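Residue numbers (our numbering), protein chains in the order written: chain P, 1 to 299; chain G, 1 to 299.
Everything labelled a hint here was simulated from the structure, so no lab data went into it. Every value quoted in this text rests on a predicted model; they were computed, and no experiment measured them. Where hints are given, some of them may not hold.
Taking lysine-lysine pairs in the DSBU-like style, the calculated list, with each CA pair at most 30 Å apart, reads [claimed, not checked]:
(1) K185/P - K298/G
(2) K292/G - K256/P
(3) K295/P - K284/G
(4) K15/P - K189/G
(5) K295/P - K298/G
(6) K153/G - K298/P
(7) K213/P - K284/G
(8) K256/P - K185/G
(9) K185/P - K189/G
The calculated label-pair distances, taken between Cβ atoms and stated as ranges, are [claimed, not checked]:
(10) M296/G - T109/P: 35 to 43 Å
(11) S152/G - K185/P: 36 to 44 Å
(12) N151/G - D51/P: 47 to 55 Å
(13) K298/P - D212/G: 51 to 59 Å
(14) F214/P - R61/G: 39 to 47 Å
We put the beta carbon where it would ideally sit given N, CA and C, even for glycine.
Spelled out, the chains give:
2 protein chains.
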Amino acid sequence: MSLLVLGTVALDSVKTPSGKRDCLLGGSASHFSMSARLFTDVHLVATIGEDFPLHERDFLRSMKLNLDSLKVNAGETFKWEGEYQGSLNSAVTLKTELGVLATFDPSVTEKQRGIRCVFLANTDPVIQMRLLKQMRKPALVALDSMNFWINSKRKDLLQVLKMVDIYVVNDEEARSLSGEHNLIKAGRKLRSMGPKMVLIKKGEHGAILYSDKFIFPMPAYPVETVVDPTGAGDTFAGGFMGYLAQSGKVTEGVLKEAIAYGTIAASFNVEAFGLERTSKLTIKDLRNRLSKFRKMMKF
Amino acid sequence: MSLLVLGTVALDSVKTPSGKRDCLLGGSASHFSMSARLFTDVHLVATIGEDFPLHERDFLRSMKLNLDSLKVNAGETFKWEGEYQGSLNSAVTLKTELGVLATFDPSVTEKQRGIRCVFLANTDPVIQMRLLKQMRKPALVALDSMNFWINSKRKDLLQVLKMVDIYVVNDEEARSLSGEHNLIKAGRKLRSMGPKMVLIKKGEHGAILYSDKFIFPMPAYPVETVVDPTGAGDTFAGGFMGYLAQSGKVTEGVLKEAIAYGTIAASFNVEAFGLERTSKLTIKDLRNRLSKFRKMMKF
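Work out the full structure, taking the sequences as your base and the hints as a guide.
Dropping the structure here:
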């Protein structure tokens, strides 16, 4: 199945213990696409400003992404500036300039409305809902969100959560939205809000999937040199959703494989700045590291 | 092989969101023994005061632990009072009364000197060293430590680390002693201090073993109702060391199995206060849950 992703395309400035980069192509939709593209054709729904560098647009096209619904709007591209210190676990946001994101109203082509696999990357839940309503009959909808929306647009988030199959969320946010510290309890409570499954991302500690039928904990692939963790969660989601879209079914076995692919994709993402590593990634790279990981974990 | 553990036998007062208990039998050696005893005969080296309840001593004996080197000394038994709040990840220590622990000088019987598998649970590194020097020719020595000793007796800790095979340590402490945030780097640096292997405990996030030949990450068994995490790390170490002692060899395969058994043992420990659950544990309970865990993780 084809895969449609709603998210952001951004220009990031990032500082980590490994160095500093300005004006990196980033954003949730970009990171997501870098891993998802290895499995299926990816349709990107996002907005950029008139200042968006031409070569970055060419780059996205060279990645074989469908850009029919990447809208250029009057104004500046969304910009994010952040810094990671010692722990590299979470960024300190230094600056956010919404630019064209502030008035973004997503729309997809008639043909794209029929795409059956949809990922709503982290963005305003009102926009996520607006996109979702345009889709004809999606077979699989997953959604990511963030503390910012949990706090500022909780009602809208709860509304759109009712319409999704898989809620992809990090542990801190899962605890915050559910009010439960224990992740099994959090998973159950979040599932009672609508999603059939909850996939909790724990960064360097891996991920864990909760469904009504099974729980699947998966450690992260151990990476020695973390250069820039920006977009790791989106890259994880891209590998996960890409694999599901390609498989065309959502069985326990397929879900577990999908999480493994997401885990491996994310491990590549953190090894370089921005999309440097993931834009060069091949399915063979993923498979090789996954087979190493499988051997590592076997007992 | 038999297994000798040096550690504490304590009387704990614990408050968690699930309730409050006073004068619980606890301490690193007690928790360690509860899981280790399921695999091999365990010799306990510790001290208690004259106030130690007779029925607790009978209880330890009923667990088939060898108490030849459990010394009763003039004074009070070591007491710890702690409270866990929301996260249950780490306790706030409210009170510590060292009692007889302050002047503890461990000694083992002539026969015990020949025991080949030794665990030095968290205690003063000077005492750990003193015990270790009494052992004739141990085949496998593992050691646990804590921030308190890393900060106050770093030199002594580094000394004894040179003589151990496996350093069992939690993630925060691994980072603190190595000065490295990345756990792979921390693992390597700690190994360069002496131990052939470093086993890092990450609480609800599982554990990860670093050797020169392989890395083994293992998620925790998901537990929905965490009643009291006190002693989880020691119970983990007990399952791990017990399995190794029983196996009599330290291959990659055996180490991985051992970590799996430790993980499962710890998951039982947190489900009840003190030793309530682990004192009733059977090897069959461990095997059943491990087989469930294996199935859960299979992909």
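Non-conforming hints, listed in increasing numerical order: Hints 6, 9, 13 not satisfied by this model.
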